[in-house]
Amino acid sequence: MPDWLERELARELAAVAAPDTLATRLGFAPAKRWEIPRLALAVAAVVVAVIGGSYAASRPQALDLRRASGQGVSLRSADVDPAGARLLRCGGGAGRPLQVNAVKATVLLAHSGFEWTAHTPAAAPEADCHSCHTL
Amino acid sequence: MSGMVLEGTDRELIEGCRRGERDAFRALFEAYQDRIYSIALRFSGDQALAMDIAQDTFLKLFSTMADFRGDSTFGTWVYRLVVNSCLDHKRRSWRLIPLAAEVAAVLRAPGDALHGLLHAEMRGRVQGAVGKLPAEQRIVVVLRYTEGLAYEEIAAVLGCSMGTVASRLNRAHKTLERRLSHLKGSSHA
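Protein chains in written order, with my numbering: chain L, 5 to 139; chain B, 9 to 197.
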């Protein structure tokens, strides 16, 4: 046999080291888990919290006026003219439906509850609302 | 048998394995894993298939430890197991896979990528030529060049005469010389 072939075979067919996965397969080594760095997890959690918090803060939370006031807010054509009703949106605090006159109604829609106590209309809801809103 | 590092402690390890001692199994595995995997890889030409063959060989080794009676050296017995596993595994569609794996290894490795790619190409051709040999010739070539066994040792593993080993090796050499003649001038690379 020529020397070049002897060299090629000896080199290209040389022994190799068994991969670590063989030991894992046979139970001699624990399987390597793909671990996420804890720092990355913490950063991701903070980012999610910040984004979620800012989104929640910027999104007004609607209040059910019927629960807040204890009164129904359904507008029936017999009482008011729904076509003439105006909706006002309030940036903070509670609100109530206000009947300005017999046929024209303005409904104050309230949302975002963190200023609830400072904005809650008490005995005279119309007066309280007028302090913030021009109806 | 050359290269057997367990000659002095084979008996202790075998006895430990027969008693079910995990440390004995582990020591046996660590001593033979490279040898068994290398034979499987060079015979099959495919890493995934070599892993399967090596795994099967170890499972046979551990499960049939009681059958070893010392008629041959323990190393020869282990070689027989891996050879039988190689011959038992049917050849699958591995011809293109080794080259792809080599290329991937080159791409991962730092250094001279072109040289590595050429080396991978050459290795793929040699492995491919060996892979086309009949199984009985291929296993002789692998035992000879991967494990460096002498004719007598190969004959003991295969259970045939030295003359048969020499004949198979001679035929394999002639075939490989013809198929790899284009590498004649580039063997220094």
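One or more of the hints may lead you astray.
What the hints assert, rightly or not - With beta-carbon atoms standing in for the labels, derived distance ranges:
(1) 19(B) x 45(L): 48 to 58 Å
(2) 190(B) x 45(L): 46 to 56 Å
(3) 182(B) x 20(L): 19 to 29 Å
(4) 40(L) x 27(B): 37 to 47 Å
(5) 30(B) x 11(L): 39 to 49 Å
(6) 170(B) x 11(L): 23 to 33 Å
(7) 20(L) x 27(B): 27 to 37 Å
(8) 78(B) x 20(L): 40 to 50 Å
(9) 55(L) x 70(B): 37 to 47 Å
(10) 171(B) x 23(L): 30 to 40 Å
Hint data in this document are derived by calculation from the structure and do not stem from the laboratory. Note that the Cβ used here is the ideal one computed from N, Cα and C, for glycine as well.
Structure-based check of all given hints:
Here the CB-CB span from residue 19(B) to residue 45(L) is close to 52 Å, well matched to the stated 48 to 58 Å. Distance hint for residue 190(B) and residue 45(L): a CB-CB separation of about 55 Å, consistent with the stated range 46 to 56 Å. The given range of 19 to 29 Å is respected by residue 182(B) and residue 20(L), whose C-beta atoms sit roughly 27 Å from each other. Checking the proposed 37 to 47 Å range against residue 40(L) and residue 27(B) shows it holds: the Cβ atoms sit about 42 Å from each other.
The hinted window of 39 to 49 Å between residue 30(B) and residue 11(L) holds, with their beta carbons roughly 42 Å apart. Range check, residue 170(B) to residue 11(L): Cβ separation about 24 Å, and the 23 to 33 Å hint holds. The beta-carbon spacing between residue 20(L) and residue 27(B), approximately 32 Å, falls within the hinted interval of 27 to 37 Å. A hinted range of 40 to 50 Å is violated for the C-beta pair residue 78(B) and residue 20(L), which are about 30 Å apart.
Between residue 55(L) and residue 70(B) the beta carbon distance is about 54 Å. The supplied range of 37 to 47 Å is therefore violated. The hint said 30 to 40 Å for the Cβ distance between residue 171(B) and residue 23(L), and at roughly 37 Å that hint holds.
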